[in-house]
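**Q** Kindly produce the complete structure, drawing on both the sequences and the hints.
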Amino acid sequence: LAKTTQPISMDSYEGQEVNITCSHNNIATNDYITWYQQFPSQGPRFIIQGYKTKVTNEVASLFIPADRKSSTLSLPRVSLSDTAVYYCLVVLDDYKLSFGAGTTVTVRA
Amino acid sequence: DVKVTQSSRYLVKRTGEKVFLECVQDMDHENMFWYRQDPGLGLRLIYFSYDVKMKEKGDIPEGYSVSREKKERFSLILESASTNQTSMYLCASSFGQHPSDNEQFFGPGTRLTVL
Numbered sequence: 001l002a003k004t005t006q007p008i009s010m011d012s013y014e015g016q017e018v019n020i021t022c023s024h025n026n027i028a029t030n031d032y033i034t035w036y037q038q039f040p041s042q043g044p045r046f047i048i049q050g051y052k053t054k055v056t057n058e059v060a061s062l063f064i065p066a067d068r069k070s071s072t073l074s075l076p077r078v079s080l081s082d083t084a085v086y087y088c089l090v091v092l093d094d095y096k097l098s099f100g101a102g103t104t105v106t107v108r109a
Numbered sequence: 110d111v112k113v114t115q116s117s118r119y120l121v122k123r124t125g126e127k128v129f130l131e132c133v134q135d136m137d138h139e140n141m142f143w144y145r146q147d148p149g150l151g152l153r154l155i156y157f158s159y160d161v162k163m164k165e166k167g168d169i170p171e172g173y174s175v176s177r178e179k180k181e182r183f184s185l186i187l188e189s190a191s192t193n194q195t196s197m198y199l200c201a202s203s204f205g206q207h208p209s210d211n212e213q214f215f216g217p218g219t220r221l222t223v224l
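Taken in order, these protein sequences are the chains called U and S.
Read in order, the letters of the first sequence correspond to residues 1 to 109 in the numbering used here.
Read in order, the letters of the second sequence correspond to residues 110 to 224 in the numbering used here.
Note that these hints are calculated values from the structure, not bench results.
Since we're looking at a predicted model, the values are computed, not measured.
A hint or two may mislead.
As the list claims (entries may be wrong) - Simulated crosslink set (DSS-like; lysine-lysine; CA at most 25 Å straight-line):
id, chain 1, residue 1, chain 2, residue 2
1, U, LYS96, S, LYS166
2, S, LYS166, S, LYS127
3, S, LYS166, U, LYS3
4, S, LYS164, U, LYS3
**A** Encoded structure:
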């Protein structure tokens, strides 16, 4: 089982905001939290990375509470092309990289 | 653009065969990674390398070995393939001294089937 946990799936409609929360209770003190997006038959692709508080780029926002034991990826106003699997990646306190099992986001018209 | 290429998209091997999966990156990245991806388990790190001839075990190194003789190339070796190694194998690379500091660039994956 993944030590980093996230919901298996989420459904949404075009134009809505999608928030995916990843739990990582044993996160290392000094490492980043990173999120990736994966489409079928492709490797994952970087979306966003942060260490604390809030980070925003042109495609997403990342919210990280002060204790860093979770993180929330926010996709504003999703479209059909945002249908994909989303993964969080952290370094745990045993210094091992840990991906979540992935959240399948399905956007419907 | 960074490009990470993997030698095969699909591979079928028989139990007991020695299998080589090759990965090449063209951006002079220090770090290279091998993952396997299975439904419900996400990506699990097999090995990573932070420099030529250097390697570190990941979560599931058993049954695998790696080789990095040149900076751009990272090979995954299945010494004696077994059916439970049927999976999608993903290679990635990144800049920097620390594996988590920078984004990883992934190859398209190799779907390995062991019969």
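**Q** Under the criterion that the straight-line Cα-Cα distance not exceed 25 Å, is the pair LYS166 (chain S), LYS3 (chain U) satisfied?
**A** holds, 17 Å
**Q** Given the hint that LYS96 (chain U) pairs with LYS166 (chain S), does the C-alpha gap stay at or below 25 Å?
**A** Distance of about 9 Å is within 25 Å: holds.
**Q** LYS166 (chain S) and LYS127 (chain S): Cα distance at most 25 Å?
**A** Since the Cα atoms of LYS166 (chain S) and LYS127 (chain S) sit roughly 20 Å apart, the hinted pair holds (cutoff 25 Å).
**Q** Is the straight-line distance between the alpha-carbon of LYS164 (chain S) and that of LYS3 (chain U) 25 Å or less?
**A** The given pair, whose Cα atoms are some 23 Å apart, holds under the 25 Å limit.
The structure fails none of the hints (numbered hints given earlier).
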